[in-house]
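The lines below spell out each chain.
There are 2 protein chains.
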Amino acid sequence: MKVCRSIGEIKSFVRSAKSSGNTIGLVPTMGYFHQGHLSLMRLARQECQIVVVSLFVNPTQFGPGEDLLDYPRDFERDIDMASQEGVDIIFAPEPGEMYPSGYQTYIEVGEITTPLCGRSRPGHFRGVATIVNKLLNLVEPDRAYFGQKDAQQVMVIKQMVRDLNMNVKIVNAPIVREDDGLAMSSRNVYLSTAERKAATILSRSLQGAEQAVNNGETDALTLRKQITEKIGSESLADVDYVEILSIPDLEPIQVLNGQVLIALAVRFGKTRLIDNAIVEV
Amino acid sequence: MKVCRSIGEIKSFVRSAKSSGNTIGLVPTMGYFHQGHLSLMRLARQECQIVVVSLFVNPTQFGPGEDLLDYPRDFERDIDMASQEGVDIIFAPEPGEMYPSGYQTYIEVGEITTPLCGRSRPGHFRGVATIVNKLLNLVEPDRAYFGQKDAQQVMVIKQMVRDLNMNVKIVNAPIVREDDGLAMSSRNVYLSTAERKAATILSRSLQGAEQAVNNGETDALTLRKQITEKIGSESLADVDYVEILSIPDLEPIQVLNGQVLIALAVRFGKTRLIDNAIVEV
Chain W
1199 MKVCRSIGEI KSFVRSAKSS GNTIGLVPTM GYFHQGHLSL MRLARQECQI VVVSLFVNPT
1259 QFGPGEDLLD YPRDFERDID MASQEGVDII FAPEPGEMYP SGYQTYIEVG EITTPLCGRS
1319 RPGHFRGVAT IVNKLLNLVE PDRAYFGQKD AQQVMVIKQM VRDLNMNVKI VNAPIVREDD
1379 GLAMSSRNVY LSTAERKAAT ILSRSLQGAE QAVNNGETDA LTLRKQITEK IGSESLADVD
1439 YVEILSIPDL EPIQVLNGQV LIALAVRFGK TRLIDNAIVE V
Chain A
1199 MKVCRSIGEI KSFVRSAKSS GNTIGLVPTM GYFHQGHLSL MRLARQECQI VVVSLFVNPT
1259 QFGPGEDLLD YPRDFERDID MASQEGVDII FAPEPGEMYP SGYQTYIEVG EITTPLCGRS
1319 RPGHFRGVAT IVNKLLNLVE PDRAYFGQKD AQQVMVIKQM VRDLNMNVKI VNAPIVREDD
1379 GLAMSSRNVY LSTAERKAAT ILSRSLQGAE QAVNNGETDA LTLRKQITEK IGSESLADVD
1439 YVEILSIPDL EPIQVLNGQV LIALAVRFGK TRLIDNAIVE V
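Protein sequence lines, in the order shown, are assigned to chains W and A. Just so it is clear: in the first sequence, position 195 is 1393 by the working numbering, and no numbers are missing. Just so it is clear: in the second sequence, position 108 is 1306 by the working numbering, and no numbers are missing.
Looking at chain W on its own, in the form it has when it is part of the complex (with noise of 0.2 Å):
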């Protein structure tokens, strides 16, 4: 597996890999690795002939007071675990490579950035969405891959490849949790023991949710209480938000119909979790 830092370095690799007639595919990561990314690494090695990692923890889209310096970083533990995947190279710039001197040119998507981890991280999008512009650009790939985790993450990204007429095909792949369901991120890292328990109460509200959904509950108001109420009784749990959105519009409902978004983000200490599930009615 190879590693690059540079912009030159990337392109090069990638005008060789096209040249010759590979289908390339892309996992734009934070690195700090865990399960969920590698099952994106994996099935991009099942689906394309050269896997690209980028590895890229992006200044743009952490707001003012967030864990940009603190988020977590192990290079050598990445570098060794996407080597095991099978991945081709890995592309790690710093951050003087992707925002140079001068630097001026964002990506705005629109109304599904405004609810959700939109409304909560101020600019996060724009930055989500100008870096993952970047990415393609330089790794021109043909599919790319993302985890279902940050749920609107992948369709604020789905949007902007479709508006601006972006050659790729965008994957996202189900959330990989832990034994007791907590959904994999690299920011559980933060949770201390007693946290790392409550923070259980994120898939468990979800799987009541979804326990409602089945038994036929479809009036967004009552879910929405349900879930906040049990999240409410994990003492350490604080919630930024409980959302029960459409798909793929991410707008408000009143009755459940069709595919439907619920989603959430809840604090524990200082650290922020999100979760989700999508249900069908």
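These are calculated hints, taken from the structure and not from any lab test. Just so you know, these numbers come straight off a predicted model, no measurement behind them. Among the hints, a few may not be true.
Identical copies look the same in the list; a pair holds intra-copy or inter-copy alike.
[Said to hold, decoys possible] Here are the simulated BS3-like pairs of lysine-lysine, each with C-alpha atoms no more than 30 Å apart in a straight line:
#1 K1428 - K1209
#2 K1356 - K1209
#3 K1367 - K1468
#4 K1468 - K1200
#5 K1200 - K1428
#6 K1395 - K1356
#7 K1423 - K1395
#8 K1200 - K1216
#9 K1428 - K1356
#10 K1216 - K1356
#11 K1356 - K1367
#12 K1209 - K1395
#13 K1423 - K1367
#14 K1216 - K1367
#15 K1468 - K1209
#16 K1395 - K1200
#17 K1216 - K1423
#18 K1367 - K1209
#19 K1216 - K1395
#20 K1395 - K1367
#21 K1209 - K1423
#22 K1428 - K1395
#23 K1367 - K1428
Given chain W, work out where chain A should sit, using these hints.
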């Protein structure tokens, strides 16, 4: 020469052209061709194996109260003229093809869009950057061609391409002028006979400034005053801006040094014209 209206058609044309190993040149236009457009097509014809001309009066780059609905159009004449230049395909989509229902993604380029036309036409460069980004993604050209008359536009697009790591070379070609010096523009057709005659003050005032610079004038304020006064001597002219800015950052300067852009926008009746000169000190 082919004419196509849909994204599906142009994509399929591009895929086929690229799979045969051809280089592609794109000339993005709003139609109503004049010699300026044709000079870009000729350059593309010389430099690329396949020449694509897009013809789309882009609604997102017009502000409220601007001339979107009045913008001059003559599709049949345009087709004839492009065909005579050896263009391979014209892509002329309807607005709904480029901005379908639910469209919501825009490219924002920063500081470089704040002076000049960016100040007079809020949102203009957001629309320009967005449509050019879409066309570059659709046509995947090796080179894209822009006229130097829209000096700030060229610089905004170069900035976007650099910032977003887009895989294309932006080529700009010199302003083409009428015999009396008026810069060719589709909007010249709006001018009354008297306004048309008065409008030559633009190129004459720029020539005067170039002469002053050649004679050693390096004070930006003095030059700006000379140009503004010269234009002011023409009673039909109403100055929007006269600016002297650094290249490529478009920052205000006091003393001319290196490459400098002298840019102006002036109204004649309802018609707003722009012109510019680059001088080197």
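Now the hints, each set against the structure:
Taking the shortest alpha-carbon separations for K1428 and K1209, neither the intra-copy value of 49 Å nor the inter-copy value of 50 Å comes in at or below 30 Å. Both within a single protomer and between protomers do K1356 and K1209 lie at most 30 Å apart by alpha-carbon distance, with minima of 24 Å and 19 Å respectively. With identical chains, the CA atoms of K1367 and K1468 are never at most 30 Å apart, being 36 Å at best within one copy and 46 Å at best between copies. For the homomeric pair K1468 and K1200, neither the shortest alpha-carbon distance inside one copy (36 Å) nor that between copies (60 Å) is at most 30 Å.
When the C-alpha separation of K1200 and K1428 is checked against a cutoff of 30 Å, the pair qualifies neither within a copy, at 47 Å, nor between copies, at 62 Å. For the identical chains of this complex, K1395 and K1356 are neighbours neither inside a copy (34 Å) nor across copies (52 Å), given an alpha-carbon limit of 30 Å. For a Cα distance limit of 30 Å, the shortest separation of K1423 from K1395 inside one copy, 23 Å, qualifies, whereas the shortest one across copies, 72 Å, does not. Taking CA atoms no more than 30 Å apart as the test, K1200 paired with K1216 passes in both settings, with 17 Å inside one copy and 28 Å between copies.
Taking identical chains as interchangeable, the C-alpha atoms of K1428 and K1356 are never at most 30 Å apart, the minima being 32 Å within one chain and 53 Å between chains. With identical chains, the CA atoms of K1216 and K1356 are at most 30 Å apart both within one copy (23 Å) and between copies (25 Å). Taking identical chains as interchangeable, the C-alpha atoms of K1356 and K1367 lie at most 30 Å apart whether they share a chain (9 Å) or sit on different chains (27 Å). Proximity of K1209 and K1395 under a CA criterion of 30 Å is satisfied in neither setting, with 44 Å inside one chain copy and 52 Å between copies.
Taking the closest pair of Cα atoms, K1423 and K1367 never come within 30 Å of each other, the shortest separation being 37 Å inside a single copy and 55 Å across copies. For a Cα distance limit of 30 Å, the shortest separation of K1216 from K1367 qualifies both inside one copy, at 16 Å, and across copies, at 19 Å. For the identical chains of this complex, K1468 and K1209 are neighbours neither inside a copy (39 Å) nor across copies (48 Å), given an alpha-carbon limit of 30 Å. In this homomeric assembly, K1395 and K1200 never come within 30 Å of each other (Cα to Cα): the closest approach is 38 Å inside a single copy and 65 Å across copies.
In this assembly of identical chains, the alpha carbons of K1216 and K1423 never lie at most 30 Å apart, being 52 Å within a copy and 55 Å across copies at closest. Taking the shortest alpha-carbon separations for K1367 and K1209, both the intra-copy value of 20 Å and the inter-copy value of 15 Å come in at or below 30 Å. Taking identical chains as interchangeable, the C-alpha atoms of K1216 and K1395 are never at most 30 Å apart, the minima being 47 Å within one chain and 55 Å between chains. For the homomeric pair K1395 and K1367, neither the shortest alpha-carbon distance inside one copy (37 Å) nor that between copies (54 Å) is at most 30 Å.
For the identical chains of this complex, K1209 and K1423 are neighbours neither inside a copy (50 Å) nor across copies (48 Å), given an alpha-carbon limit of 30 Å. Only within a single protomer do K1428 and K1395 lie at most 30 Å apart by alpha-carbon distance; the minimum there is 15 Å, versus 77 Å between protomers. Taking the shortest alpha-carbon separations for K1367 and K1428, neither the intra-copy value of 38 Å nor the inter-copy value of 56 Å comes in at or below 30 Å.
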